[in-house]
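2 protein chains.
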Amino acid sequence: MTEEMEKLFEELASLFENKKYTQLKRLLSDTEPADIAKFLEDNLDEIDQIKFFRLLPKDLASDVFIETESDTQEALIKAFTDKELKAVIDDMFVDDAVDVIEEMPANVVKRILKNSDPENRKQINELLEYPDDSAGSIMTTEFVSFSADMTVEQGFEKIRRTGINSETIYTCYITDNRKHLIGVISVKQMLLAEKTDVMRDIMDDSVITVETLDDKEQVAMMLSKYDFLALPVVDREGCLVGIVTVDDAVDVLQEEATEDIQKMAAILPTEKPYLKQSVWSIWKARIPWLLLLMVSATFTSMILSGYEGRLMAISSGAVLYAFVPMLMDTAGNAGGQSSVTVIRSLALNEIEFKDIFRIVWKEFRVSIMLAFTVAAVCFSKLMLIDRLYNDLTWDIAAIVAGVLFITIVMAKFVGCILPLIAKKCKLDPAVVASPFITTIVDALSLIIYCSVSIALLG
Amino acid sequence: MTEEMEKLFEELASLFENKKYTQLKRLLSDTEPADIAKFLEDNLDEIDQIKFFRLLPKDLASDVFIETESDTQEALIKAFTDKELKAVIDDMFVDDAVDVIEEMPANVVKRILKNSDPENRKQINELLEYPDDSAGSIMTTEFVSFSADMTVEQGFEKIRRTGINSETIYTCYITDNRKHLIGVISVKQMLLAEKTDVMRDIMDDSVITVETLDDKEQVAMMLSKYDFLALPVVDREGCLVGIVTVDDAVDVLQEEATEDIQKMAAILPTEKPYLKQSVWSIWKARIPWLLLLMVSATFTSMILSGYEGRLMAISSGAVLYAFVPMLMDTAGNAGGQSSVTVIRSLALNEIEFKDIFRIVWKEFRVSIMLAFTVAAVCFSKLMLIDRLYNDLTWDIAAIVAGVLFITIVMAKFVGCILPLIAKKCKLDPAVVASPFITTIVDALSLIIYCSVSIALLG
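So the sequences go chain by chain: A and B.
Letter by letter, the first sequence follows residues 1 to 458 of this note's numbering.
Letter by letter, the second sequence follows residues 459 to 916 of this note's numbering.
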């Protein structure tokens, strides 16, 4: 937290405690909703939260409300009178109301819907039906639309009349009388045009659209790729049903990046911020993969046990054992580098499955170079350092370095190919990431290590 | 790539090959610059690229140019005449020109600066001086500003006059005669106000600003937090020097997420898309950590060698060895879960160093629950499955499960504390992530495993 913010919070707290409500209200109307929400959550208990909330200027209340976490929202809703609830919900954009509702228990949802006006309720219910990861679930139905024969002046008139309730006014849409989307125009274009120009002549008629069921991550990527402020969402008949705005797209991109990072670290994805998650829910997100990977590591134990007799029969068996962790860690790191690179590139649409041969060929060349460097350094290290504490002969050092070479090349191959195959099979590439690949690579490298050692030294 | 896009690319290619330039130009003017850039790069060789580029409608050329990768840009610039270069550069926003220049070799930079008009050149040179990770490096100097006594109508006049050259017109800034920023107003507010209203009365005078040297990631996070379309950048004297727009903020957030993911996977961060990177540059990005981690794994070899004599003296020494990989992998995964969670939460500003005690306490409770579950399952697995192929007695199973318990708790502690300490020391938390923590946790868990086994069984 910046110093500025700390000072602001102290001032808010002192004004609130000393009941200087007029000054407090003045300060609040100059403060960003996101900051008020943070103050509310970090500094006040539940009873004070609702007291404080009631002091908010009316036009700020719902903006602050949507910036709070869902458990705060639930507590506030429970403390609201029906009238307060109605005021807050009706003042929200429909897509924000839907975001709130999606996190609430059934009885709270009922109360919210009961207390929102019929038109809002209808739109909320429609939006609630779209699948969680679809464009429909993040779009808003509040946008400005024109008919093609309106003039620029009439357009501005309409913005003045209805714009206050629209999530963005800067991109406006032109539809025909059956709501088919036929064009798009920006306020910038309108300002630079003549007042008497007709929409049909100045609008851009090659509109990029998405459909309601398109994946929301891909929609967010499109907004970012084209640097748009909003993207129109159409249904299967080409009728305009909503828009996705850039602020929601940013949230989606951040969430998806977090989810991918969590999956790569063998955690089930969660949306809640860390400090808001209960110990129990963190346990639930982490235990499945931890257990699965522990159990699948049975293979490495089986392999080591299987080779044990023959390995110990070699005079230097114990020396060989000492390098198992080094081999396994290096293989895991090498595989992880490739898999994570491929997974992120897939997420950013930089590569597709059809690039598989280019990727494998590139990774193969990189892996030969990496394997050669690491094996050479490893051999030198073994002869210079490890000989000091271990009965290490040059032939064992050569075997360790040689197996390290093979292991790195193999790990890089597995690391780049598995996410691509997962993508092709419509699975999530991030789920097959590092920890999973480590387990496969560990088993393979152990088999190579043990069999090569026994073949050459046994 | 979508089917639609494939069809578009085929059409572009066929029109270009058959020299149907009139039709091609018409199609191009309806196509997004980002898509044209992708077509140019994926489907044409260098000679055709410049031929194709010359066919672009004039107002599209620079938009397409900035969407191409830097190696394409370099090739195009080399093929441009001075006049073409000047046209493209002068038509760009200054911040885009700076992005292009930053990737070019010195002789190309010289040529670009020589061919841009004096006013542009001055601004470009100023922007080039800001550090790479600062707000100054991503801001643009083309914005709309008003004086406080202008009316709304005069404001619109100014937008009409100068707006075409501004990166965004939707947020305008009010400055005094010494360029101090004193207020902000949106075009939406202006449209909803009366034409005769004066800026001073309707502007928002509590402006959130950033400074030129502020970290660009924090600036991007602020834009996303407040859902702004642009943020004003001021110098130390409070004078408005530029703005950061939301499209650039999105790019920064995506880049930073990619960089963090790369660091967590022990790769030096790179900005270029994977397929554009040379084998050599991928090698350079991956080799340092791979070598470092391989060398630091020397500790595990030393530990295993050190305990070897005493471990092998135990009758079940070889059985104990078989579970080393499983212990190490589980410890690595457990530590990685915690470190990655903390690193991402730090990046999203969800936690700060001062939360350290809350975090450690939370991770401690989670780790006890996880360790208990995993150890219990492991003990059962050992007695039910591993006994089938191994001389496993219940006391060895108990030692393995017990050490697993301790290891997980310890790994989670190391995993959550190291990124926080790194942050406090102004180091990058992502750099100390999973691979590094794995190495530490591996060494610790081996020491515990060997010493506990020898103490109880030896």
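Hints may contain errors.
Stated by the list, open to error - What follows is a set of in silico ranges between Cβ atoms, one per label pair, in the way DEER data are often shown:
(1) A:I47 / B:W819: 44 to 54 Å
(2) B:I905 / A:D391: 19 to 29 Å
(3) A:L128 / B:K465: 48 to 58 Å
What the hints assert, rightly or not - Here are the simulated lysine-lysine pairs, BS3-like style, with alpha carbons at most 30 Å apart:
(4) B:K653 / A:K276
(5) B:K742 / B:K496
(6) A:K38 / B:K820
(7) B:K820 / A:K354
(8) A:K195 / A:K272
(9) B:K683 / B:K572
(10) A:K354 / B:K509
(11) B:K483 / A:K272
(12) B:K683 / A:K7
(13) B:K509 / B:K483
(14) A:K423 / B:K881
(15) A:K86 / A:K188
(16) B:K496 / A:K426
(17) A:K225 / B:K653
(18) B:K616 / A:K284
(19) A:K225 / B:K882
(20) A:K195 / B:K536
(21) A:K424 / B:K646
(22) B:K616 / B:K653
(23) B:K536 / A:K362
(24) A:K179 / A:K158
(25) B:K742 / A:K188
(26) B:K509 / B:K646
(27) B:K568 / B:K683
Derived from the structure by calculation, the hints contain no laboratory data.
We put the beta carbon where it would ideally sit given N, CA and C, even for glycine.
Against the structure, the hints come out as follows:
1. A:I47 / B:W819: 44 to 54 Å: violated, 25 Å
2. B:I905 / A:D391: 19 to 29 Å: 22 Å Cβ-Cβ, so the 19 to 29 Å window holds.
3. A:L128 / B:K465: 48 to 58 Å: Given range 48 to 58 Å: violated, Cβ gap about 35 Å.
4. B:K653 / A:K276: This hinted pair is violated, its Cα atoms lying about 48 Å apart.
5. B:K742 / B:K496: holds, 27 Å
6. A:K38 / B:K820: holds, 21 Å
7. B:K820 / A:K354: This hinted pair is violated, its Cα atoms lying about 44 Å apart.
8. A:K195 / A:K272: Status violated; Cα separation ~48 Å.
9. B:K683 / B:K572: Violated: K683 of chain B and K572 of chain B sit about 40 Å apart, past 30 Å.
10. A:K354 / B:K509: This hinted pair holds, its Cα atoms lying about 28 Å apart.
11. B:K483 / A:K272: With a Cα-Cα distance of about 49 Å, the restraint between K483 of chain B and K272 of chain A is violated, given a limit of 30 Å.
12. B:K683 / A:K7: With Cα atoms ~19 Å apart, K683 of chain B and K7 of chain A stay inside 30 Å; holds.
13. B:K509 / B:K483: holds, 13 Å
14. A:K423 / B:K881: violated, 35 Å
15. A:K86 / A:K188: This hinted pair is violated, its Cα atoms lying about 36 Å apart.
16. B:K496 / A:K426: holds, 25 Å
17. A:K225 / B:K653: violated, 36 Å
18. B:K616 / A:K284: With Cα atoms ~58 Å apart, K616 of chain B and K284 of chain A exceed 30 Å; violated.
19. A:K225 / B:K882: violated, 35 Å
20. A:K195 / B:K536: violated, 44 Å
21. A:K424 / B:K646: Outside the cut-off at roughly 45 Å; violated.
22. B:K616 / B:K653: holds, 13 Å
23. B:K536 / A:K362: holds, 28 Å
24. A:K179 / A:K158: holds, 17 Å
25. B:K742 / A:K188: Violated: K742 of chain B and K188 of chain A sit about 46 Å apart, past 30 Å.
26. B:K509 / B:K646: Cα-Cα ~43 Å, so violated.
27. B:K568 / B:K683: Judged against 30 Å, a Cα distance of about 39 Å means the pair is violated.
Going down the numbered hints, you'll see the structure goes against 1, 3, 4, 7, 8, 9, 11, 14, 15, 17, 18, 19, 20, 21, 25, 26 and 27, while the others check out.
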